[in-house]
Amino acid sequence: GESVGLHLPTLSVQEGDNSIINCAYSNSASDYFIWYKQESGKGPQFIIDIRSNMDKRQGQRVTVLLNKTVKHLSLQIAATQPGDSAVYFCAEPLIFGAGTRLFVKA
Amino acid sequence: ETGVTQTPRHLVMGMTNKKSLKCEQHLGHNAMYWYKQSAKKPLELMFVYSLEERVENNSVPSRFSPECPNSSHLFLHLHTLQPEDSALYLCASSQGTRDYNEQFFGPGTRLTVL
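These protein sequences, in sequence, are chains A and B. In my numbering, each number is its position in the first sequence, counted from 1, plus 128. In my numbering, each number is its position in the second sequence, counted from 1, plus 3.
Since the hints were derived computationally from the structure, they do not count as laboratory data. Worth double-checking, as some hints may not be accurate.
Unchecked claim - To give an idea of the interface, some chain B residues facing chain A are shown, with a C-beta separation under 8 Å as derived from the structure: (1) Thr5; (2) Pro45; (3) Leu46; (4) Leu48; (5) Leu93; (6) Glu105; (7) Phe108; (8) Gly109; (9) Pro110; (10) Gly111.
Stated by the list, open to error - Derived lysine-lysine pairs resembling DSSO-like cross-links, with alpha carbons at most 27 Å apart: (11) Lys21(B) x Lys170(A); (12) Lys44(B) x Lys25(B); (13) Lys44(B) x Lys170(A); (14) Lys44(B) x Lys199(A); (15) Lys233(A) x Lys43(B); (16) Lys165(A) x Lys25(B); (17) Lys44(B) x Lys22(B); (18) Lys199(A) x Lys233(A); (19) Lys170(A) x Lys43(B); (20) Lys170(A) x Lys196(A); (21) Lys43(B) x Lys22(B); (22) Lys165(A) x Lys196(A); (23) Lys233(A) x Lys22(B); (24) Lys43(B) x Lys25(B); (25) Lys199(A) x Lys43(B); (26) Lys199(A) x Lys184(A); (27) Lys165(A) x Lys233(A); (28) Lys165(A) x Lys44(B); (29) Lys165(A) x Lys43(B).
All values reported here derive from a predicted model rather than from experimental measurement. In this text, a Cβ means the ideal position worked out from N, Cα and C, and glycines have one as well.
When you get a sec, could you build the whole thing from the sequences and use the hints?
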């Protein structure tokens, strides 16, 4: 069946470094993906999305890369800040991955 | 503030109780959703409503009963729940269910079933 998964459950980075969070999907027909951020006590919040006709999209400090050949996408956060500490989900778009918890060390 | 509110934020209930969760969106969206978020599990889509009609029901037990009286309000009626139903229940809305639409989530209701 369809699945959207993440490679690592946790990621710890030093403040100021770049973070890369990965996601794999199984449905080759998927044509739209979303990254969400969920902070403690809150619901998921939209970060950035990408359609399958693109392989890269940039936002403010975030970049999403899509590799349709290997069915993989990643979220890159530049100059990670303490406020980036949260759980990050990829979604396809109603099927969610398990999430990666990002810890930012000061 | 995402424009989606949920009440109550916390709920403790016994297995024989009947309670309801409420969601309201102030975004003018046409679609609303219920998700279940359990510890160490992905978000599970429960129900999808589009223009007040249920368009998806992901094999959810009948002890969960959704209601969508209008496009701004969504309820989840609970009865005779089990302890394993304890979870965070998230409501979301989007402009539509087709095309490319991000979802806006409420803060969730933390449910504990004793």
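Verification of the supplied hints:
no.: 1; hint: Thr5; result: holds, 7 Å
no.: 2; hint: Pro45; result: holds, 5 Å
no.: 3; hint: Leu46; result: holds, 4 Å
no.: 4; hint: Leu48; result: holds, 5 Å
no.: 5; hint: Leu93; result: holds, 5 Å
no.: 6; hint: Glu105; result: holds, 4 Å
no.: 7; hint: Phe108; result: holds, 3 Å
no.: 8; hint: Gly109; result: holds, 5 Å
no.: 9; hint: Pro110; result: holds, 5 Å
no.: 10; hint: Gly111; result: holds, 5 Å
no.: 11; hint: Lys21(B) x Lys170(A); result: holds, 25 Å
no.: 12; hint: Lys44(B) x Lys25(B); result: holds, 23 Å
no.: 13; hint: Lys44(B) x Lys170(A); result: holds, 17 Å
no.: 14; hint: Lys44(B) x Lys199(A); result: holds, 21 Å
no.: 15; hint: Lys233(A) x Lys43(B); result: holds, 23 Å
no.: 16; hint: Lys165(A) x Lys25(B); result: holds, 23 Å
no.: 17; hint: Lys44(B) x Lys22(B); result: holds, 24 Å
no.: 18; hint: Lys199(A) x Lys233(A); result: violated, 31 Å
no.: 19; hint: Lys170(A) x Lys43(B); result: holds, 16 Å
no.: 20; hint: Lys170(A) x Lys196(A); result: violated, 31 Å
no.: 21; hint: Lys43(B) x Lys22(B); result: holds, 25 Å
no.: 22; hint: Lys165(A) x Lys196(A); result: holds, 23 Å
no.: 23; hint: Lys233(A) x Lys22(B); result: violated, 42 Å
no.: 24; hint: Lys43(B) x Lys25(B); result: holds, 25 Å
no.: 25; hint: Lys199(A) x Lys43(B); result: holds, 23 Å
no.: 26; hint: Lys199(A) x Lys184(A); result: holds, 14 Å
no.: 27; hint: Lys165(A) x Lys233(A); result: holds, 18 Å
no.: 28; hint: Lys165(A) x Lys44(B); result: holds, 16 Å
no.: 29; hint: Lys165(A) x Lys43(B); result: holds, 16 Å
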